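Hey, can you work out the whole structure from these sequences and the hints?
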Amino acid sequence: MSPRTNDGEPERERPASGTGTAAPAEETASGEAAGPPTDRPEATDEIEDTGTIFAEGAEGADDADSATGADGADSTTSADDADGTTGTDGTTSADGTDSRHGADGAGADGTDSTDSTTSADGTAHATGADGAGGDRVAAVRRVAAAGRRWRSVQLGACAAMLAVGLTAGAIALGAVRDGGDTPVVAGAAVSPGLLASADLSTGIASLQAHLRDQPRDFGGWATLGLAYVEQARTQGDPSRYPQAEQALRRSLALRPDNDQALSGRAALAAARHEFGTALAYADRALKQNPYNERALCSRIDALVELGRYEEAAGAARTADERRPGIPVFTRYAYVHELRGDVGTARRVLAQALAASTTPGDIAYVATQLGQLAWNQGDDDTALTHYARALAADENYLPALEGRARAQAASGRRAEAIKGLENVVARFPLPGPLVELGELYEDRGGEGDAARAEAQYRLVDAWTALARANGVNADLDTALAAADHGDKAAALRAARAEWDRRRTVHTADALAWALHVNGKDAEALRYARQATATGYRNAALLYHRGVIEDATGHPDDARTHLTAALALNPGFSVLGAREARAALKTLEAAE
Numbered sequence: 013m014s015p016r017t018n019d020g021e022p023e024r025e026r027p028a029s030g031t032g033t034a035a036p037a038e039e040t041a042s043g044e045a046a047g048p049p050t051d052r053p054e055a056t057d058e059i060e061d062t063g064t065i066f067a068e069g070a071e072g073a074d075d076a077d078s079a080t081g082a083d084g085a086d087s088t089t090s091a092d093d094a095d096g097t098t099g100t101d102g103t104t105s106a107d108g109t110d111s112r113h114g115a116d117g118a119g120a121d122g123t124d125s126t127d128s129t130t131s132a133d134g135t136a137h138a139t140g141a142d143g144a145g146g147d148r149v150a151a152v153r154r155v156a157a158a159g160r161r162w163r164s165v166q167l168g169a170c171a172a173m174l175a176v177g178l179t180a181g182a183i184a185l186g187a188v189r190d191g192g193d194t195p196v197v198a199g200a201a202v203s204p205g206l207l208a209s210a211d212l213s214t215g216i217a218s219l220q221a222h223l224r225d226q227p228r229d230f231g232g233w234a235t236l237g238l239a240y241v242e243q244a245r246t247q248g249d250p251s252r253y254p255q256a257e258q259a260l261r262r263s264l265a266l267r268p269d270n271d272q273a274l275s276g277r278a279a280l281a282a283a284r285h286e287f288g289t290a291l292a293y294a295d296r297a298l299k300q301n302p303y304n305e306r307a308l309c310s311r312i313d314a315l316v317e318l319g320r321y322e323e324a325a326g327a328a329r330t331a332d333e334r335r336p337g338i339p340v341f342t343r344y345a346y347v348h349e350l351r352g353d354v355g356t357a358r359r360v361l362a363q364a365l366a367a368s369t370t371p372g373d374i375a376y377v378a379t380q381l382g383q384l385a386w387n388q389g390d391d392d393t394a395l396t397h398y399a400r401a402l403a404a405d406e407n408y409l410p411a412l413e414g415r416a417r418a419q420a421a422s423g424r425r426a427e428a429i430k431g432l433e434n435v436v437a438r439f440p441l442p443g444p445l446v447e448l449g450e451l452y453e454d455r456g457g458e459g460d461a462a463r464a465e466a467q468y469r470l471v472d473a474w475t476a477l478a479r480a481n482g483v484n485a486d487l488d489t490a491l492a493a494a495d496h497g498d499k500a501a502a503l504r505a506a507r508a509e510w511d512r513r514r515t516v517h518t519a520d521a522l523a524w525a526l527h528v529n530g531k532d533a534e535a536l537r538y539a540r541q542a543t544a545t546g547y548r549n550a551a552l553l554y555h556r557g558v559i560e561d562a563t564g565h566p567d568d569a570r571t572h573l574t575a576a577l578a579l580n581p582g583f584s585v586l587g588a589r590e591a592r593a594a595l596k597t598l599e600a601a602e
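Taking the numbering used here, the leading residue of the sequence shown gets 13, the next gets one more, and so forth.
Calculated directly from the structure, the hints in this document are not laboratory data. Owing to the predicted nature of the structure, the values given are computational and were not obtained by experimental measurement. Note that the Cβ used here is the ideal one computed from N, Cα and C, for glycine as well. Please note that a few of the clues may not be correct.
[Said to hold, decoys possible] Computed spacing ranges between beta-carbons, pair by pair: (1) 500 / 224: 35 to 43 Å; (2) 589 / 224: 50 to 58 Å; (3) 226 / 362: 41 to 49 Å; (4) 601 / 476: 42 to 50 Å; (5) 355 / 589: 26 to 34 Å.
What follows is the structure in structure tokens.
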């Protein structure tokens with residue numbers, strides 16, 4: 013399975029239901045994070061002057077709306093881009109998936125509900141739902157345009173998240189539990205039922221209208237920020253992240269330390285791959301509200317992506333005790349998968365699927381099961397799970413990408429190419445772009461070399477766009493450039509990423525970047541570290557085997573190349589072919 017960072021696939025969540033009693037406040041088990049950010053603007057002038065918030069207008073709109081800020085001042089905002097992609101003020105904001113789970117497992121909740129769920133270990137719980145050059149330029153434009161073309165895809169779970177945030181009587185749980193100020197009531201600006209059936213762009217437009225009328229609704233600003241994060245990730249459009257940051261800052265200016273906005277900042281930082289910052293914000297949110305599902309999930313994500321796997325396992329257990337449910341189950345499963353416990357991962361995901369009732373949940377969890385099966389070389393089972401996901405949501409892009417990958421592994425190359433062409437037209441992220449490029453290379457027909465090169469150039473364009481909007485894209489750069497780009501740049505990016513976080517995936521990326529730059533002796537220790545947790549991943553085993561062969565360890569090389577092909581013979585159309593060739597050479601040399 014590819015690295016599960018937070019810029020990748022969207023996670024669907026169940027809308028909260030009921031209005032039961034909030035779970036009692038208790039000491040958070042999350043612990044202190046070193047140097048948590050202090051995001052408390054002293055004056056709203058800073059917020060008002062940052063530029064366009066309401067950039068998500070109807071297509072073709074070119075008008076200006078006036079919204080009142082937290083201090084009562086008018087702020088002019090515009091929807092002057094034909095497709096709603098107006099930036100903030102032309103400046104770059106810097107604060108930080110390809111997790112397949114994402115950091116959005118909990119919504120910007122506004123209700124205090126109690127529902128009975130079963131934890132990942134089978135224990136029943138009642139839980140409260142917490143508070144709300146020209147080629148390069150052209151390539152960048154293609155990336156942005158492709159990302160925007162997915163505006164009609166239905167994201168019902170995200171809309172449900174917005175519905176919760178706008179439900180009449182929604183309250184800020186952190187304020188209640190801390191005995192603080194009187195809770196702010198969010199007006200029912202839009203019917204929750206309408207939001208639940210709308211796409212994300214429509215939900216955002218409704219939120220914007222609501223906030224024009226009630227600009228002091230800190231919960232509404234937090235929800236809008238989270239919606240922008242979701243839109244950025246699901247549409248492959250990082251230009252939404254600065255807008256998310258502005259909305260979340262507004263929320264914190266209106267109500268400092270409200271857990272909705274703090275958990276939103278954690279999700280935003282995770283989406284930008286700033287996992288230390290994400291952890292700090294998640295911890296701050298959990299101090300305000302130990303039951304904030306989004307913060308609990310973001311904390312797991314951050315610890316996983318920092319390579320702190322034992323702590324991540326503890327965080328997953330804590331989250332499972334406090335808020336058992338699909339967002340927690342999927343993370344719980346991934347923590348076990350990283351430690352080589354595929355059986356537990358499969359069992360927990362199957363439990364999550366059985367508990368899924370909405371199309372969004374079914375699509376998400378079935379896709380996770382498909383990815384787990386494909387990672388173990390079971391293409392038929394993977395395709396069955398992807399079919400179930402797409403039966404629930406025919407436009408669910410992670411399932412479309414996974415199905416194409418499984419089709420390629422099972423020899424159905426034409427179907428795989430057609431499927432990935434559909435995916436990258438809507439969702440131009442590095443993973444599917446590289447996969448499609450390699451399929452073109454493998455096919456080798458007239459014009460395929462040029463087609464492959466075009467996909468790899470788009471990876472560079474996406475990386476530039478991501479960095480311009482505060483996303484740390486070094487891991488994406490290292491993985492793609494090592495095989496299909498500037499090898500020296502790949503090594504620089506991999507070293508930079510390793511300095512920031514020490515995961516199995518960053519160890520693998522650094523090992524492979526060192527290898528392609530002829531530094532195999534140094535690469536070997538990182539390749540071994542990448543496989544040290546027991547994580548069963550054919551690509552990591554393949555990289556280790558190649559590096560062991562290059563460093564004069566033929567027996568070890570045979571062992572790991574054989575293991576890679578036995579685990580997942582179709583882990584990569586080009587990598588698997590090269591693994592077989594290397595193994596054949598080693599066997600001939602015996």
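How the hints compare with the structure:
1. 500 / 224: 35 to 43 Å: violated (50 Å)
2. 589 / 224: 50 to 58 Å: At 57 Å between Cβs, range holds.
3. 226 / 362: 41 to 49 Å: Once the Cβ atoms are compared, 43 Å apart, the range 41 to 49 Å for residue 362 and residue 226 holds.
4. 601 / 476: 42 to 50 Å: Holds: the Cβ-Cβ distance is about 44 Å, inside 42 to 50 Å.
5. 355 / 589: 26 to 34 Å: holds (30 Å)
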